[in-house]
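**Q** Sequence:
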Amino acid sequence: MYALQLKQCMASIPRDRLVILESAKLRADPVTNINKVLRAAGLREFENVDVDAAWAAFHAAYPDFEQTGWRENGEYEPMSEEMETFFDDFYKPLNEELFELL
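Position 8, counted from 1, in the sequence shown is what our numbering calls 8; the numbers after and before it change by one each time, with no gaps.
Note that these hints are calculated values from the structure, not bench results. Yeah, the Cβ is synthetic: ideal placement off N, Cα and C, and Gly gets one too. Accuracy of the hints is not assured; some may be wrong.
[Stated by the list, open to error] Simulated crosslink set (EDC-like; lysine to aspartate or glutamate; CA at most 16 angstroms straight-line): (1) 7 <-> 77; (2) 36 <-> 47; (3) 7 <-> 100; (4) 36 <-> 16; (5) 36 <-> 22; (6) 7 <-> 96.
[Stated by the list, open to error] Pair ranges (Cβ atoms, derived): (7) 80 <-> 11: 33 to 43 angstroms; (8) 25 <-> 100: 20 to 30 angstroms; (9) 54 <-> 93: 30 to 40 angstroms; (10) 16 <-> 100: 15 to 25 angstroms.
Please model the complete structure; the sequences and the hints are all you need to start from.
**A** See the structure below:
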């Protein structure tokens, strides 16, 4: 599914300006990674960003975020083996297509 989105981006954005980030890296060092995106877009980088204040502003603006089913920290109940096999099989060809693009 990401491959379809990536193909659409690649149709409009030159490859040297397209930045693909792993969410774990973005969470671990948001300022560095957001600045990587800004540089690729030819925009001015952020300086002296207070990440804790940014998260506080996010939670103030979207107080019900965690109630939507999404989790900031990615901690969810484990899924059954049957469900895991289903998703592995479903996403395998989609992931292969994505990896070919990357």
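**Q** Work down the list of hints and note, for each, if the structure agrees.
**A** Status of each hint after checking the structure:
Simply put, residue 7 and residue 77 have alpha-carbon atoms about 32 angstroms apart, too far for the 16 angstroms limit, and the pair is violated. This hinted pair checks out: residue 36 and residue 47 have alpha carbons roughly 13 angstroms apart, not beyond 16 angstroms. A C-alpha spacing of about 11 angstroms is found between residue 7 and residue 100, which places the hinted pair at or below 16 angstroms, so the restraint holds. The suggested pairing of residue 36 with residue 16 holds, with an alpha-carbon distance near 12 angstroms, which does not exceed 16 angstroms.
Taking the CA atoms of residue 36 and residue 22, the gap is near 13 angstroms; set against the 16 angstroms cutoff, the hint holds. Proposed proximity of residue 7 and residue 96 is supported: the alpha carbons are some 14 angstroms apart, at most 16 angstroms. Here the CB-CB span from residue 80 to residue 11 is close to 39 angstroms, well matched to the stated 33 to 43 angstroms. Between residue 25 and residue 100 the Cβ separation comes to about 22 angstroms, which falls inside the hinted range of 20 to 30 angstroms.
Under the hint 30 to 40 angstroms, the C-beta atoms of residue 54 and residue 93, about 37 angstroms apart, fit the expected range. About 19 angstroms separates the C-beta atoms of residue 16 and residue 100, a value consistent with the hinted range of 15 to 25 angstroms.
Of the numbered hints listed earlier, the single one contradicted by the structure is hint 1.
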